[in-house]
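Colleague: Here is how the chains run, residue by residue.
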Amino acid sequence: MANDPAIFQITDGACALAVVNKAASGYADSWVAPTGKTALTAVTADYGTDAPAFRFQVTSAKLTASKQSNRTDRPATFCSPASSTVSPSSSTYTLDVGYFLDEHMRAGLASFLYANDTLEGYFLLGLGDADTPPKAVGRVLITAGDFGGDPQTNRTGSISLDVRGKPDIVFGRTGSTRLVTGTGTITNAP
Amino acid sequence: MTAPIDSPTKLDQLRAELRGALVKTMEAVGWPAERVHLFPPRQTVTPTAWVDVPTLAQTNMGGAPGIAATFPVCIAVDGLAADQVAKLDQVMARGVDNLLGVGDLTLLTAGPDWIDLTGMGAPTRALVFQVQRVVLLRTLCTGTITPSNDPAEGSPTHGE
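From first to last, the protein sequence lines are chains W and C. Using this note's numbering, the letters of the first sequence map in sequence onto residues 1 to 190. Using this note's numbering, the letters of the second sequence map in sequence onto residues 1 to 160.
So here's chain W without its partners, still in its complex pose (with noise of 0.2 Å):
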């Protein structure tokens, strides 16, 4: 119907890590993804052999946005009430990911966040089946996630990653795609 709402559900989605690898051929700090991919052809199988198998982990991925500003009070005068001016900032954000804790196994995702924890990585997070748009990539701390907790009950951790500057997200479904980059490039496709 005309005024109904867009809907989007996640049905399969991708989730992805990989360390930052600054002796790859080409590398440049300017990179969002491994192998200077971007949101629109990075793909889960660019963060290596281990990723593909995070997915089935995560139970919630989330890029979350935090509002920054400053704001400069001036106080009242005689002939007119207190004020506030607001400076905005860039927002900050941080990749919170829920999953199920998997340290039976040795290529999983909570042995790779143990591994890897204050190093630098990339992270993919797609939204659209089989690494279609809607997608972002980008960079964040990587810290270790929870080890245990209850017996015989299914176990979740959960993580949040700073990530660092602004990430690169593409917009839409594919054949129809807006990226807007870190550095506020944005492209329509077509």
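Just to be clear, a hint being listed does not mean it is correct.
Some chain W residues flagged as far from chain C (calculated, every beta-carbon gap over 12 Å) [as the list claims (entries may be wrong)]: (1) F8; (2) V20; (3) T59; (4) C79; (5) S80; (6) T94; (7) L161; (8) I169; (9) N188.
Some residues of chain C that are not near chain W, with every Cβ distance over 10 Å (derived) [unchecked claim]: (10) R35; (11) Q43; (12) T144.
Okay, the calculated bits of chain W under chain C, using three or more residues with CB under 8 Å as the criterion [unchecked claim]: (13) 13-19; (14) 47-57.
In case anyone wonders, no lab produced these hints; they're calculated from the structure. A virtual CB, placed ideally from N, CA and C, is assigned to each residue, including glycine.
With the hints as your guide, set chain C onto chain W.
Modeller: Same frame as chain W, but now just chain C:
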């Protein structure tokens, strides 16, 4: 008309595991394994045991959504009332141990019930365990209850 898909589902697998636990329980109290049935028996000879129809419902175990299957596991007995209750005490204790030994199972309840086995309006004293297992977890990839279609089980590294 196409042939039905014959591959076992997660419900089939759990039913078989529950039957295995029932066999151990019946034998532990001195009853023959032949009295244990995968499905409600057409002709009942007490004492008898079977796995009944499951109920599927949404669950949120550990904060992660999914679907859980709850199976009624039934054991019906005969004899004098005092003997029935005494035997069912044994069945309940050993049944709990054997069912929890199946693994990845939650015992919701175990308690008495009266089941009309013959359809003649004469109910028989029985014990019913309600056991639950999460059969479908909601993750970024779409899982299924039919293992042949489960992408997780097809992954080369998953479940190692």
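Colleague: It remains to establish, for every hint, whether it holds in the given structure.
Modeller: Going through the hints against the structure:
Even its closest Cβ contact with chain C, about 14 Å, leaves F8 (chain W) beyond 12 Å, as expected for a residue assigned away from the interface. Residue-level check passed: V20 (chain W) sits 22 Å from the nearest beta carbon of chain C, beyond 12 Å. With a minimum CB-CB distance of about 4 Å to chain C, T59 (chain W) fails to clear the 12 Å threshold, and the non-interface call is violated. Every beta carbon of chain C lies more than 12 Å from that of C79 (chain W), the smallest distance being close to 56 Å; the non-interface claim holds.
Residue placement check: S80 (chain W) keeps its beta carbon more than 12 Å from all beta carbons of chain C (closest about 51 Å). In this structure T94 (chain W) is separated from chain C by more than 12 Å, as the shortest Cβ-Cβ distance comes to about 18 Å. Its beta-carbon lying about 16 Å from the closest one in chain C, L161 (chain W) satisfies the requirement of being farther than 12 Å from that chain. Listed as outside the interface, I169 (chain W) is consistent with that label: its C-beta sits roughly 17 Å from the nearest C-beta of chain C, beyond the 12 Å cut-off.
No Cβ of chain C approaches the Cβ of N188 (chain W) within 12 Å, the least distance being about 27 Å, so the stated non-interface status holds. No beta-carbon of chain W is positioned within 10 Å of the beta-carbon of R35 (chain C); the least distance is around 30 Å. Look at Q43 (chain C): its CB is around 38 Å from the nearest CB on chain W, clear of 10 Å, so calling it non-interface holds up. Even its closest Cβ contact with chain W, about 12 Å, leaves T144 (chain C) beyond 10 Å, as expected for a residue assigned away from the interface.
For the region 13-19 of chain W, the assignment as covered by chain C holds, since 3 residues bring a beta-carbon within under 8 Å of that chain's beta-carbons and 3 suffice. Residue count for the region 47-57 of chain W with a Cβ under 8 Å from a Cβ of chain C: 7. That meets the three needed, and the coverage hint holds.
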